[in-house]
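**Student:** What follows is the residue order along each chain.
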Amino acid sequence: MRYTALTDPDIASMLEVIGADSIDQILLEQIPESIGIDREYELPAESSESATMRHMRDLASMNTVVPPERFFLGAGLYRNYVPALVKTVISRPEFMTSYTPYQPEVSQGTLKSIFDYQTVMSELTGMPVSNASMYDGASSLAEAVKLSIKKTGRKKVVICSATNPEYVDTVATYIAPLGGIIHSIPHTNGVTNPDDVRECTDEQTCCVVLSQPNYFGFVERAQEIAAITKAEGALSIAVVNPCTLGLLAPPGEWGADVVVGEGQPLGLPVSFGGPGFGFFLTMTEYLRDLPGRVCGMTTDAEGRDGYVLTLQAREQHIRRDRATSNICTNHQLSALAAAVYLMTLGGKGVANLSVGLFNRTRWLQARVRESENLALVFPENTSFGDVLIRGSGPGVNGFRAARAKMVSAGFEPGLEIGASFQIDDGAMLVAVNDQMTPEDIDLFVKTLDRAVGGHV
Amino acid sequence: MSKSDVGHVQSFGTAEEARSGLSSFDLRHTAPDIADRSEGELARYFNGLADRNYHIDKGIYPLGSCTMKYNPKVNDSAAALAGFEDIHPHQESGGVQGALQLIHTLSGWLGKITGLPAVSLQPAAGAHGELVGMLIARAHFRELGQERSTVLIPDSAHGTNPASATAAGFKSVVVASGADGLIDIEDLQLKLTGDVAAVMMTNPNTHGLFEAQVQTVSSMARECGALMYLDGANLNALLGVTDAAIQGFDICHVNLHKTFSTPHGGGGPGAGGLCVTSQLEKYLPDPLIKLTESGYSIAEGRDHSIGRSRSYFGNFANIVRAYTYILSLGPAGLNDVGRTAVLNANYLLARIHPRLTAPFGNRCMHEFIVSAESLKREQGIRALDISKALLDRGVHAPTMYFPLTVPEALLVEPTETESLESLDGFATLLDEAVEWLIANPSLADELPTTTPVAKLDEATAARQPHLRG
Chain A
1 MRYTALTDPD
11 IASMLEVIGA
21 DSIDQILLEQ
31 IPESIGIDRE
41 YELPAESSES
51 ATMRHMRDLA
61 SMNTVVPPER
71 FFLGAGLYRN
81 YVPALVKTVI
91 SRPEFMTSYT
101 PYQPEVSQGT
111 LKSIFDYQTV
121 MSELTGMPVS
131 NASMYDGASS
141 LAEAVKLSIK
151 KTGRKKVVIC
161 SATNPEYVDT
171 VATYIAPLGG
181 IIHSIPHTNG
191 VTNPDDVREC
201 TDEQTCCVVL
211 SQPNYFGFVE
221 RAQEIAAITK
231 AEGALSIAVV
241 NPCTLGLLAP
251 PGEWGADVVV
261 GEGQPLGLPV
271 SFGGPGFGFF
281 LTMTEYLRDL
291 PGRVCGMTTD
301 AEGRDGYVLT
311 LQAREQHIRR
321 DRATSNICTN
331 HQLSALAAAV
341 YLMTLGGKGV
351 ANLSVGLFNR
361 TRWLQARVRE
371 SENLALVFPE
381 NTSFGDVLIR
391 GSGPGVNGFR
401 AARAKMVSAG
411 FEPGLEIGAS
421 FQIDDGAMLV
431 AVNDQMTPED
441 IDLFVKTLDR
451 AVGGHV
Chain U
1 MSKSDVGHVQ
11 SFGTAEEARS
21 GLSSFDLRHT
31 APDIADRSEG
41 ELARYFNGLA
51 DRNYHIDKGI
61 YPLGSCTMKY
71 NPKVNDSAAA
81 LAGFEDIHPH
91 QESGGVQGAL
101 QLIHTLSGWL
111 GKITGLPAVS
121 LQPAAGAHGE
131 LVGMLIARAH
141 FRELGQERST
151 VLIPDSAHGT
161 NPASATAAGF
171 KSVVVASGAD
181 GLIDIEDLQL
191 KLTGDVAAVM
201 MTNPNTHGLF
211 EAQVQTVSSM
221 ARECGALMYL
231 DGANLNALLG
241 VTDAAIQGFD
251 ICHVNLHKTF
261 STPHGGGGPG
271 AGGLCVTSQL
281 EKYLPDPLIK
291 LTESGYSIAE
301 GRDHSIGRSR
311 SYFGNFANIV
321 RAYTYILSLG
331 PAGLNDVGRT
341 AVLNANYLLA
351 RIHPRLTAPF
361 GNRCMHEFIV
371 SAESLKREQG
381 IRALDISKAL
391 LDRGVHAPTM
401 YFPLTVPEAL
411 LVEPTETESL
421 ESLDGFATLL
431 DEAVEWLIAN
441 PSLADELPTT
451 TPVAKLDEAT
461 AARQPHLRG
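Protein chains in written order, with our numbering: chain A, 1 to 456; chain U, 1 to 469.
Same shape as in the complex, but just chain A:
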């Protein structure tokens, strides 16, 4: 299958205009013989669209697809419902096949959608300034930490340990060249003890990273921790699950200086981990330190509203080696999906989304409490979205054996994380999504209870 358009007579007439006998001649005039112009790749032969699609279907069918109502794995990426309008809008070639809006007069659609995205994300988080998007939650956090190193001139990066390990690893990669050192505050029974933050944070600390809710789904004492952070002149960086913010206090209200996270749950499929997008919001004070693109409103020569990429003096194409970040292409289409998603739900719908997720979380916890062989880990905490559970009582099977049974029963049961976080061996992180009914959750807990008890 080819996508070129030239016919043989086209090629002949073009070569005549160019004044060359062949394309190879054009190449040979420029490329030395020692390099050559004939690479033959050992790749599968050209295939028709139909055969290509069949091959792709075969590959796709080798993956296990579990319907969302039986999918209890989350840990940062969630199988929430994607409204049909979101898919329709982001599939439009006007949005999908346009470039970065370098010529604003013919890119107002993209630019206005960025402005809308910045507006709704600002509303959701309570932060005044949003950029146009980053790659993902992990790289967005890494850029936030870099900003804090740059602003404070300090290199001690304090991270509350109940943070997505993918994110922490990414931060470590990004800050190594800057000499940044990560200090991890161990969780106490699943949450961060503000006294530990007070003890660890000092005049060398550039930032304290807190996840709210944290990686285990527990609600942290965010306001207290932010206050302790700021008392030491460090930046308070919040990693948030955006789907909780219709119910949980927005980080802009509890004192975060930078808010980052993964935008995938706002209208995007999981797609094996990408592309989602990273959101990055901050205070006006750090406006000129923002990484990446940002859209601003202005007027055109006739006084009409218009939109442009602005504050570009921060960026790599102007500032080159002194840019705030090296990011160029970001995740615009994914950010558009989130804008359409949040606008489709509206403020009330966003509140309803968070309420529904929280109530499902509580429903699942209640069923676990009632079960014979399962127990909540750290039941005294408040969970939101993700729930940490374990097998209870002596002699029950670990999750490893139960997992296989759950998979054959058509469930995706969750992620075993106990060992990596020094929690009881066999602890598993399970998550709800917004497509689950009470019956779905009942059936899951009942099946898992039996599997762990060795009854299935």
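Only true hints are included.
DSBU-like cross-link-like pairs, simulated, lysine-lysine; straight-line CA separation at most 30 Å:
| hint | chain 1 | residue 1 | chain 2 | residue 2 |
| --- | --- | --- | --- | --- |
| 1 | A | 151 | A | 230 |
| 2 | A | 156 | U | 171 |
| 3 | U | 282 | U | 112 |
| 4 | U | 58 | U | 73 |
| 5 | A | 155 | U | 171 |
| 6 | A | 151 | U | 171 |
| 7 | A | 405 | U | 290 |
| 8 | A | 150 | U | 171 |
| 9 | U | 73 | A | 87 |
| 10 | U | 171 | U | 282 |
| 11 | U | 73 | U | 112 |
| 12 | A | 155 | U | 282 |
| 13 | U | 58 | A | 87 |
| 14 | A | 156 | U | 282 |
Now the in silico label distances, taken between C-beta atoms and shown as ranges:
| hint | chain 1 | residue 1 | chain 2 | residue 2 | range |
| --- | --- | --- | --- | --- | --- |
| 15 | A | 54 | U | 57 | 22 to 30 Å |
| 16 | U | 291 | A | 36 | 29 to 37 Å |
| 17 | U | 23 | A | 202 | 26 to 34 Å |
| 18 | A | 301 | U | 224 | 52 to 60 Å |
| 19 | U | 216 | A | 155 | 37 to 45 Å |
These stretches of chain U come out as covered by chain A in the derived footprint (C-beta under 8 Å, 3 or more residues):
| hint | segment |
| --- | --- |
| 20 | 301 to 312 |
| 21 | 454 to 461 |
Quick caveat, the hints were computed from the structure, so don't treat them as lab data. For clarity, every value in this text was computed on a predicted model and none was experimentally measured. Even glycine gets a Cβ: it sits at the ideal position worked out from N, Cα and C.
With chain A's structure known, arrange chain U on it following the hints.
**Tutor:** Frame of chain A; chain U shown alone:
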């Protein structure tokens, strides 16, 4: 009748129930102020926005170094298969063998295309690939116990190159181009000291020229112990022609959203691939996918790895698209891509250069530079005016004022998917635009006039930032 409370998301319990489960300290007290609009209103709203965008399905998009080729629709159909869209990176590897095989296979294909066999598809974009590549250079010299702090970058390079070098802890030193638009070997010789970790080149460079002395540069760098990095943004020209290894490169990033046709989305998501020699494989980011006797497995926590550069395996949906593209084309189709891209660019250059100066002669690879310098001197017509006059004529403008080495530069890349009719149409419109500007010099500042908005006040936007509604 009023609007129903039943919305797009399935409710579960009441707000009162939920609020009773949280301390008032943790609660949000006012809902986010996002207007409640019907789906029909929003469909029209976004349709209206779509109408105000230029895009590749509308017409030629000749942004130089951006490779705005047509994006085949079958790629999107493949990426939307439930077996790809609805799988989670934390599912057990036994349940995602198709996805792992796909990533592993595409890595192998890119290894063959670049000649650099060890590949990570984790980078999210080209610049992200550059950062990972530079971190690998850093890890390599640390292991050798060598303190090297400089990266040499030609003056025609993309801005991301120096920014990425800085992000990896290096300082960048600019190497000049000669009057022929190619790297100045004498200047390189002068700057190539024992402190140089890498020479970061783009080939073909952003003048649209093949760096004919690239092998000389590579052996000079090697003698000095430095690594050679290829910015693969312009790889489209080299498909079926040559590869990074033959030219002497050790590290190369590939933009799947340029060369391998995944859509740009108005500024991403893209996808990078980072290809390195087998000696440098150990430094590639975590995780890597390996083929073992029991199938594909995920290798993490590798001893020498630079670590994770982002979460999970990369922009998987775009990895699926690029795989689909290469599978469709096969080796002969890829060969056709590179050669047709070069033919289209040379043809357009021949059509345009009587009107605009071609500073580097009448041959190019997949893109070329023309300069409005003499038009500016004689008639006051700038590259900006020509660009805006093109927008007024319904086509997108080339990249303007880049690279920084040529005054009043227009960098034009038609790509292989443009037809002869489309190329002729663009050349004619460019001609008309220049004619019109010559006849109406006083009106140039008012362009464009037929676009959805007229000239925008960018200075005020930056001085008084208004970043949300």
